[in-house]
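J.: The residues making up each chain are set out below.
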Amino acid sequence: MSDGGAFLTFRAGGDRFGIPVERVREAARAQRMAPLPGAPEEWTGVAVVRGEPLGVLDVARTMGVARKGPPKAPLLVILEGRPHALLVDQIDGVKGIDADRIAAPPPGVPCLTGVVSSEQPVLQLLDLDALFGRSVR
Amino acid sequence: MSGGREDARHRREFVTEAEVILEQAQETLASIEETGEDVHPDVLNSFFRSIHSLKGLAGMVGLPGVTETAHEFEALLDGIRMGRVPLDAQSREAARAALSGLSDLAGRLSAGDQSPAADPELLSRLRAASTPRREEPKQAEVEIHLPPALERVLTDYERHRLDTNGKKGNQVLLMPLELSLEGFDEGLRGAMTEAGKVGELIGTFPGSSESPELMSFLLLVGAPPVIDPAEIARRCGAKSFERLDVPSPAPVPAPPAQPLLTEALLEERRRAAVGTVRVTLDKIGSLLDLTGELSLARNALRRAMDRVLPAIGDRSARHEAQRAYANLDRAVNALGRAALATRLVPVEQLTSRLGRSARAIAAGLGKEATFEVLGGETEIDKILADALADPLVHLLRNALDHGIEPPAERTAAGKPPAGHIVLTAAARGREVVITLEDDGRGIDPQKILAAARERGILPKDAPDPEDPLELVFRPGFSTATAVSELSGRGVGLDVVRSNIGAMKGSVAITSTPGRGTRFDVIVPITLAIVESLLVRAGGRSFAFPTSSIARTLRAEGFRVRTVQGREVVSDEGEAVILVPLARLLGLPERPPAARRTIVVAEEGNRRAGFEVEEIEGLLDLVVKPLSDEVPRAREITGTAELPDGDVALTLDARLLLDRAQAAAA
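So the protein lines, in turn, are chains G and R. The numbering of the first sequence is this note's numbering, which starts it at 51 and goes up by one. The numbering of the second sequence is this note's numbering, which starts it at 153 and goes up by one.
Please note that a few of the clues may not be correct.
[Stated by the list, open to error] Footprint (simulated), chain R over chain G, 3 or more residues, beta carbon under 8 Å:
{"id": "1", "segment": "80–93"}
{"id": "2", "segment": "136–148"}
[Claimed, not checked] Here are a few chain G residues that face chain R, going by a calculated C-beta distance under 8 Å:
{"id": "3", "residue": "LEU129"}
{"id": "4", "residue": "GLY131"}
{"id": "5", "residue": "ARG132"}
For the record, the hints were derived by calculation from the structure and aren't laboratory data. Fair warning: this is a prediction, and the values are worked out from it, not measured in the lab. For each residue, glycine too, the CB sits at the ideal point set by N, CA and C.
Modelling step: build the complete structure from the supplied sequences, incorporating the hints.
T.: In structure tokens:
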């Protein structure tokens with residue numbers, strides 16, 4: 051189960067997700083990307099942010115969330131200390147969540163550290179290491 | 153006693169300063185000895201001045217031994233610069249003795265001798281050397297008339313230089329120079345340097361200026377008559393010039409065959425030797441990154457201007473913007489080159505390490521060998537120089553272990569007992585070619601084939617490959633008949649090749665049995681900027697480093713044949729495998745066009761054709777390696793931002809060739 055703290059919350063497909071703010075370096079408007087041949091399909095491609103090439107992982111695809119067509123104005127959540135960014139549809143903001151509001155993730159749903167059911171819509175807290183571990187082969 | 157302590161401090165300070173002066177003088181003298189007699193007067197003059205100031209310093213601290221020696225030395229140098237004493241062997245030897253005498257005095261001083269005495273023998277030797285051995289300079293044959301105001305302030309030395317220029321048949325120019333108050337010193341220094349390059353700055357005098365905003369100077373310059381005086385004035389930044397000599401119709405003397413030893417040249421050598429600042433590679437790396445970003449910002453500005461400018465009606469405003477952009481563009485490019493240059497080091501840094509390794513390895517093997525380096529001044533990226541150390545040591549060890557024969561065997565073969573290994577480095581375009589050649593026993597291709605079959609590297613029934621020597625780069629191959637202590641380390645030439653391949657380089661082998669073996673290592677000068685061929689495949693942009701491209705072909709369909717279900721294209725009479733790049737990378741393929749566009753990549757002796765949809769052009773790209781944590785086809789090694797803002801993926805030709813060959817096998 052996750053500790054409480056400040057979470058960056060965002061939308062991917064129809065779902066709402068959060069990651070600890072300390073894991074975030076910055077958010078940026080998604081720019082032109084080169085698709086990566088040979089990468090699993092949840093990888094959108096590579097974006098160059100401030101000269102640094104970053105692998106971009108589509109959160110909605112990785113988490114199997116339905117999306118009607120490609121996101122209209124996708125954003126990149128650039129992660130701290132890894133050569134990766136998350137592709138998200140919209141950023142909600144930063145939210146403080148107490149540990150006692152976080153419940154264990156429902157069985158069978160991978161890559162989550164917990165869920166906050168008191169939030170509307172439900173906030174799913176992403177397990178980044180599992181997310182990339184699942185996708186990097 | 154505090155006075156005593158003060159004195160000791162002064163002496164210490166003197167020693168420090170004296171060491172600096174003497175070290176520089178030592179270098180100057182060494183350069184003079186190399187060059188011979190044709191030394192630029194500025195060099196002699198500053199040599200003279202440095203000893204003069206040493207004398208002054210010694211006088212202030214109260215060191216009569218040093219003062220006396222420096223005084224006699226100064227007299228010798230004065231004689232030389234004034235032309236009374238020739239710069240011959242006698243004066244050069246006396247100068248060398250004077251320098252070592254002065255260093256000796258400084259050494260004794262720092263060892264605690266409070267007032268070391270001068271060496272009387274040295275003093276009389278200096279005196280003898282500085283006795284005029286040439287006639288006093290006569291009145292110049294070509295009379296040069298100066299404006300009277302200038303004539304009055306001319307020093308003896310300036311008069312002497314003026315006459316010397318006249319005698320040589322040089323032109324003498326007086327040039328007014330107007331410099332703004334702000335930064336005039338820099339402007340003046342620049343003009344003086346320029347004057348020293350084309351000829352000789354005889355003197356600088358105050359001029360008269362009407363404007364209070366301007367500083368005015370007069371430069372008196374002597375130069376060979378072959379140089380256009382207007383050009384000299386232009387280079388010094390003077391608007392006009394006055395020629396003071398009488399131009400003679402006599403044939404002009406040929407310019408000296410050997411370049412003069414000038415102050416600029418000396419300064420360059422000095423800077424190479426001592427004027428260095430240690431900077432960490434990180435800092436240089438971030439400078440390069442920022443430069444890269446700056447050039448991308450410049451590209452973005454270009455794009456924005458292309459969109460916006462046509463909408464601006466004011467023509468002069470448009471031109472102004474274009475001009476400003478052009479200036480920015482030039483500066484950014486120059487900055488890029490300068491930033492890159494900070495990362496380059498001479499190959500020497502690497503080879504001096506190799507020389508030590510060579511001696512140690514040879515001694516361990518009981519062999520004799522000399523190691524020679526040619527082209528050590530060739531520059532290469534520091535990062536690559538470091539990365540090349542291991543592969544080169546390996547090749548060197550290989551040459552000493554397997555190539556160079558034991559002394560007895562060499563003598564029997566009619567060779568000198570000591571082997572000879574030569575490393576040659578040379579820049580070739582954007583690459584550095586390093587060859588390592590030994591005069592050892594060479595490699596017998598039949599033995600290689602036999603060994604490869606025995607070790608299962610080559611199947612027993614397989615035909616002989618065209619180039620058996622290539623087999624030595626296969627994993628598991630070792631040419632040693634007896635496993636020596638060194639070759640038992642388990643690192644083979646395959647590792648050398650893959651290490652060099654990782655630097656976007658290549659290594660090839662050639663050998664003549666009985667005569668020796670040669671490795672050619674080719675690496676880019678730098679990895680930061682890669683000249684690339686941009687192609688489209690699967691509707692996307694990819695960049696090949698041009699260093700790995702043999703050529704591009706536009707082949708009509710009939711030049712492509714199908715052999716055993718595989719397409720091959722004839723490339724200069726040789727059939728090479730043809731693979732669509734899109735298919736190799738798992739991208740959607742387009743049906744082949746009638747005229748097919750093919751990039752022939754090459755690595756060592758391997759070649760393959762990659763079909764692309766389009767060739768977009770040649771570009772210098774700032775390539776950023778992609779982390780291993782980003783999943784993709786492993787032939788993709790990095791990214792590069794294109795001028796239009798798109799991102800291209802860079803390809804590793806070696807890995808692509810592996811794939812193409814695997815696909816064909």
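J.: The segment 136–148 of chain G covered by chain R? Criterion: 3 or more residues, Cβ-Cβ distance below 8 Å.
T.: Since 0 is below three, the answer is violated.
J.: Report holds or violated for chain R covering the segment 80–93 of chain G, Cβ cut-off 8 Å, minimum 3 residues.
T.: The restraint on the segment 80–93 of chain G holds, since 11 of its residues have a Cβ under 8 Å from chain R and three suffice.
J.: Using the nearest Cβ pair, does LEU129 of chain G come within less than 8 Å of chain R?
T.: Interface hint status for LEU129 of chain G: violated (11 Å vs cutoff 8 Å).
J.: How about GLY131 of chain G: closest beta carbon in chain R under 8 Å, or not?
T.: violated (11 Å)
J.: Answer holds if the nearest beta-carbon of chain R is closer than 8 Å to that of ARG132 of chain G; otherwise answer violated.
T.: At 7 Å from the nearest chain R Cβ, ARG132 of chain G passes the 8 Å test, so the hint holds.
In summary, the numbered hints that this structure violates are 2, 3 and 4.
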